[in-house]
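2 protein chains.
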Amino acid sequence: MNLPSSVTIKEVGPRDGLQNEKHFIPTEDKIEWINMLSESGLKYIEITSFVNPKWIPQLADAIQVAKSIHRENDITYAALVPNERGLQGALEANVDEVAVFMSASESHNLKNINKSIVATFPVLKPVIQEAIVAGKTVRGYVSTVFGCPYEGEVSTDAVLSVSEQLFALGIQELSLGDTIGVANPRQVEKALTEILKHFPQEKIAMHFHDTRGTALANTLVALNLGITKFDSSLGGLGGCPYAPGASGNLATDDLHYMLENMGVETGINRDQLINAALFIEKKLGKLLPSHTMQIERSQNCH
Amino acid sequence: MNLPSSVTIKEVGPRDGLQNEKHFIPTEDKIEWINMLSESGLKYIEITSFVNPKWIPQLADAIQVAKSIHRENDITYAALVPNERGLQGALEANVDEVAVFMSASESHNLKNINKSIVATFPVLKPVIQEAIVAGKTVRGYVSTVFGCPYEGEVSTDAVLSVSEQLFALGIQELSLGDTIGVANPRQVEKALTEILKHFPQEKIAMHFHDTRGTALANTLVALNLGITKFDSSLGGLGGCPYAPGASGNLATDDLHYMLENMGVETGINRDQLINAALFIEKKLGKLLPSHTMQIERSQNCH
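Taken in order, these protein sequences are the chains called W and F.
Letter by letter, the first sequence follows residues 24 to 325 of the numbering used here.
Letter by letter, the second sequence follows residues 24 to 325 of the numbering used here.
Hints may contain errors.
For the chain F half of the interface with chain W, some residues (derived, Cβ under 8 Å), not all of them [as the list claims (entries may be wrong)]:
#1 Tyr280
#2 Gly286
#3 His314
#4 Ile318
By construction, these hints were calculated from the structure, which means they are not laboratory data.
Just so you know, these numbers come straight off a predicted model, no measurement behind them.
We put the beta carbon where it would ideally sit given N, CA and C, even for glycine.
Working from the sequences, and respecting the hints, build out all of it.
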């Protein structure tokens, strides 16, 4: 196999994880948790979302969190931003990176953000451009890359079309999401091989979900194709919003296990990572689904 | 990637799964479950164990189960056999295949079966030879191939040494087990590449555990190296004996999902497989840990 010598794990737990948890984590706990993450070796943390709190009440304290956390110079603190109004909050909070988002599938885009794909770009354009003018980096999330809950199959052409337009608007990095965790390794190889003909690997991050247990196998394929950036959520936080205990986001701790043991450097201190996971699990009041956390809880399981 | 066109999934739930569950499944339920498995497209089912019921009370009804299940002509019904005494039961019960077992690591062998590795072969020899004389096929399980709970690392030489001696005694197939689920894909590639210089792929089955979530990624590597036989346990039955809810055996339903979606044929009917999983989950009175079963339980999770 052909593995990179090092990888950047992008921690999305404080946003993608918490936004899918019913339990509201008190602001001071979010802050303490993110500060722990900042000490674990992670170099990228998506700390919150500036989507209207009407939709994502769990992250209503976005500005306060962003302003109160300790900032390490060599860590990128990012936030999800849906529109210009959200961008104002993100700029006031002085995040380092702004993440915009949309879908490769028309139905999912409509359902998720109430617009057609073609009507989304004019909304994102000023967000991206103003963020860049303000000195921020910008990432673009594309959802349903490997399958859509409404349409089923999603063509690589659809993914390319949305991605190309986002790059044309100025994003610097693309995060390709298996939103419903249906992707299989063969499919990932096929799609990514095509996608990598259009964009260089260093501009691509993979955002796998582990709903069917295929996330690490898919990650292995992506690694072999040269991808060096992977989004994940500590402890598998966020799970599947409709099935208690079901997997959703790929778990940072499980991803880290595989990478570290394959000799792929992440710069992460595993003990501190796990301590951070134990902390948020306690605050959440429910068990985190990652394999790592299951083992942490056991007395004798090896 | 280089995938085989088809694979044989070897279902070990009724033995490796049930032996690790505290709850005793009534004999008639075991029989009904195995009969459901016989209708799912599976061609190999490990139905029970003839280890002394003193150690494995969950399978004390071994002979009764073996004698009462419906037998399909094109399905191999196998049983775990530790010694000659156990073999008598297996022959009386007319199983098709006998599975002997030992470890690649001395400490684990001692702890598990109370003998040194070198003292194990004379015990297995008559079992293997009498089974063959009786017209049975024989498989040999080797545990701790990728790591030992007591010794840590296990060398590929140790695995080869045990495997060669088992083949010399007459086994026809080797099942290589990641007993504590520590293996990573790079390690699997390295070990298997070496092992395949000594034995042909058709004589090797992989027995991955998903304790750290790496089983499917490891499976992908094995597939690419030409392995076409994989042991798994429906629903992830058996889990980790010491951590409620923790993963152990690779789940048949999750393995099937990945294979089927990659276009690798298994001959399995997914609906019937899942029905069989739902049946045993109900009888068990607790949730099965596989991703597939988590999704089955959800209303809206995709």
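Hint-by-hint comparison with the structure:
1. Because the beta carbon of F/Tyr280 sits about 5 Å from the nearest beta carbon in chain W, less than 8 Å, this interface hint is met.
2. A distance limit of 8 Å between C-beta atoms decides the matter here; for F/Gly286 the minimum to chain W is near 7 Å, and the interface restraint holds.
3. Hint on F/His314 holds. Least Cβ distance to chain W is approximately 4 Å, under the 8 Å limit.
4. Interface hint status for F/Ile318: upheld, as the beta-carbon distance to the closest one in chain W is roughly 7 Å, under 8 Å.
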